[in-house]
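Chemist: Next come the chains, spelled out residue by residue.
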Amino acid sequence: MGEITDGFLEAITLIITLNPEIMEIAGRSLYVSSLATIAAALIAIPIGAVIYYYDFRGKRTVINIVQTLYALPTVIVGLLVYLLVSNSGPLGSLKLLYTTNAMIIAQVILVSPLIVGLVIAALSGLDKEMKYTTMALNARAYRAMLTLVRETKFAILSAVVLAFGRAIAEVGAVMMVGGNIRHFTRTLTTAITLNTSMGEFSTSIALGIILLTIALVVNFGVNFFQHYNGRMKDD
Amino acid sequence: MTDIISVSGLSKSYGKKEIVHPLNFSVKKGEILVIIGPSGAGKSTLLRMLDIIEPASKGEITLFGEKVTKHSAHDLRNRMGMLFQKTVLFDRTVEENIALGLSYRNVSREERQKRVKTILEEMEMSEYARRSSRTLSGGEGQRISFARVLVTKPEILFLDEPTANLDPGATRLLEEMILHENRVNKTTIVITTHDQAQGQRLADRVAVMIDGTFVQVGPADEVFYHPANESVATFVGVQNIFTGVVRNGNAVFGGVVFCPAPRIPDGIVQIMLRAEDISLSKREIDAGHISVQGRVITSERSGAFLHITVEAGCIFTVVCPFRQTGDTYVSGDRVWIGWRTDAVHLV
Chain H
1 MGEITDGFLE AITLIITLNP EIMEIAGRSL YVSSLATIAA ALIAIPIGAV
51 IYYYDFRGKR TVINIVQTLY ALPTVIVGLL VYLLVSNSGP LGSLKLLYTT
101 NAMIIAQVIL VSPLIVGLVI AALSGLDKEM KYTTMALNAR AYRAMLTLVR
151 ETKFAILSAV VLAFGRAIAE VGAVMMVGGN IRHFTRTLTT AITLNTSMGE
201 FSTSIALGII LLTIALVVNF GVNFFQHYNG RMKDD
Chain L
236 MTDIISVSGL SKSYGKKEIV HPLNFSVKKG EILVIIGPSG AGKSTLLRML
286 DIIEPASKGE ITLFGEKVTK HSAHDLRNRM GMLFQKTVLF DRTVEENIAL
336 GLSYRNVSRE ERQKRVKTIL EEMEMSEYAR RSSRTLSGGE GQRISFARVL
386 VTKPEILFLD EPTANLDPGA TRLLEEMILH ENRVNKTTIV ITTHDQAQGQ
436 RLADRVAVMI DGTFVQVGPA DEVFYHPANE SVATFVGVQN IFTGVVRNGN
486 AVFGGVVFCP APRIPDGIVQ IMLRAEDISL SKREIDAGHI SVQGRVITSE
536 RSGAFLHITV EAGCIFTVVC PFRQTGDTYV SGDRVWIGWR TDAVHLV
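Same order as they appear, the protein sequences are chains H and L.
Mapping of the first sequence onto the working numbering: position 182 corresponds to residue 182, and the numbering continues sequentially without gaps.
Mapping of the second sequence onto the working numbering: position 286 corresponds to residue 521, and the numbering continues sequentially without gaps.
To be clear, the hints were calculated from the coordinates, so they are not data collected in a lab.
Note that the structure is predicted; figures quoted are calculated from it, not measured.
It is possible that part of the hints are untrue.
[As the list claims (entries may be wrong)] Derived contacts from chain H toward chain L, CB cut-off under 8 Å, selection only:
{"#": "1", "residue": "Met130"}
{"#": "2", "residue": "Thr133"}
{"#": "3", "residue": "Ala136"}
{"#": "4", "residue": "Leu137"}
{"#": "5", "residue": "Thr213"}
{"#": "6", "residue": "Leu216"}
[Stated by the list, open to error] So these bits of chain L aren't anywhere near chain H, every CB distance computed over 10 Å:
{"#": "7", "residue": "Arg312"}
{"#": "8", "residue": "Arg366"}
{"#": "9", "residue": "Ser380"}
{"#": "10", "residue": "Glu411"}
{"#": "11", "residue": "Asp456"}
{"#": "12", "residue": "Gly472"}
{"#": "13", "residue": "Val491"}
{"#": "14", "residue": "Ile525"}
{"#": "15", "residue": "Arg558"}
Using N, Cα and C, we set each Cβ at its ideal position, and we do this for glycine too.
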């Protein structure tokens, strides 16, 4: 019990004094996961919109597969990206292994299905007449999709936040392709894993508190944004 | 006048179920065609196919003299507009909603603003321009949706049960706008409704659609007073339908002679008589009418009208204005009912 209390007090001290190494790790986590989430959103929102908008054979199967990929194990993604970027892999010449870029790629793969699936779900929640109306008003497909995506912006924003949450909290993939190298690829989750295994509970707790705080701040930020939302223009 | 819409062999199936059976019809420029029919008859599906929102399973549509193909769809749709039963407003201001179709057509910002302003003025809704679409009532919302279609200056309008969710006042207002659009801009209109009275108010021509097929097409009066068969008659509100016979030149059922039928050969006949065309009295009804005596079974007030069933050889339903009946009628009363022979329709 004493160990936990001590660890907790020490953790608070580390945060209040803005311990340089802890701040560096937190900053890297934010950087990797933010970039990964933004990239995933840019890829996944259009894909989700296209799958929703067009009727094609096997649509139901595609959606089922996407939903199955929500639960994609992080270590599988790690393995996949490792094989891709390792020296003998197809992207080996880019020298990405054990870099933050490799970690970003892994997280993009990890969270994209989640955004695709939730975008489809959000759009499917709209009245069918809404899609018909855009067609009847003779919108080109991409304009219609923009209008409909805009109509579900809050649901889609929540999907993106959820994706960010999954990205920043995962440890398996970034550990495998980033290597948890101090000052280079160490993130909040990999650092917690390492410090816990070394018995450095105070550092782990401090990093855990920061991880939780980031999640809270992001959520509050999104709520604030949803409430006082300025409009996104598509026309 | 020329055909602006012409359809041949048009059908729609979902899986193995054919929702719209092969249809052939045409609509003239400037005409209002009202498609009436019960829910689930395929009316909305037909309208979506005509507006090229939903692909047809089979058949051909020609619009403005041009065949609908994947290639021609976009340009053809530019000249048409469609309004749905469910009001669709996007989460923006009223003026942004109205401008949407223009924006899709890449109309310049100034032109958009000008046209939106004009149409709001015409509709006496200028003060709504900057309001959020969420603050509108059902009737206001549907009028704004209509404005969004009209502002693109369509030559053909497809209206899918546009007043089904509106109260009578809002319905009246939208009907006036529809008629105005037709009279002033000569817009061709195809409108569906399950409200037969609305069909009568708006139609140049009525098509009765039941179970995916046009059962009868013709002027409103013809459909309402001379329904082609029992299902049309039931749908257009004919309450007295009897399967009788023609014998010795008279149409007879239940011992009652309904009317002379000199040109119809002896045999089975459907006898149709509107409840509103039957008069009711405690005294014998004047000459010139078929008149039979009977007994009141039920008597019920419905608004300003009295709905009475009378047993007189067979069971008649009679509807008359409550104030004009003069008498009260209760179950068991002896009464006379009568009708003009030309009010009877035989099929």
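Chemist: Which numbered conditions among the earlier hints are violated in the structure presented, ordered from lowest to highest?
Modeler: The structure breaks hints 5, 6, 7 and 9; every other hint is satisfied.
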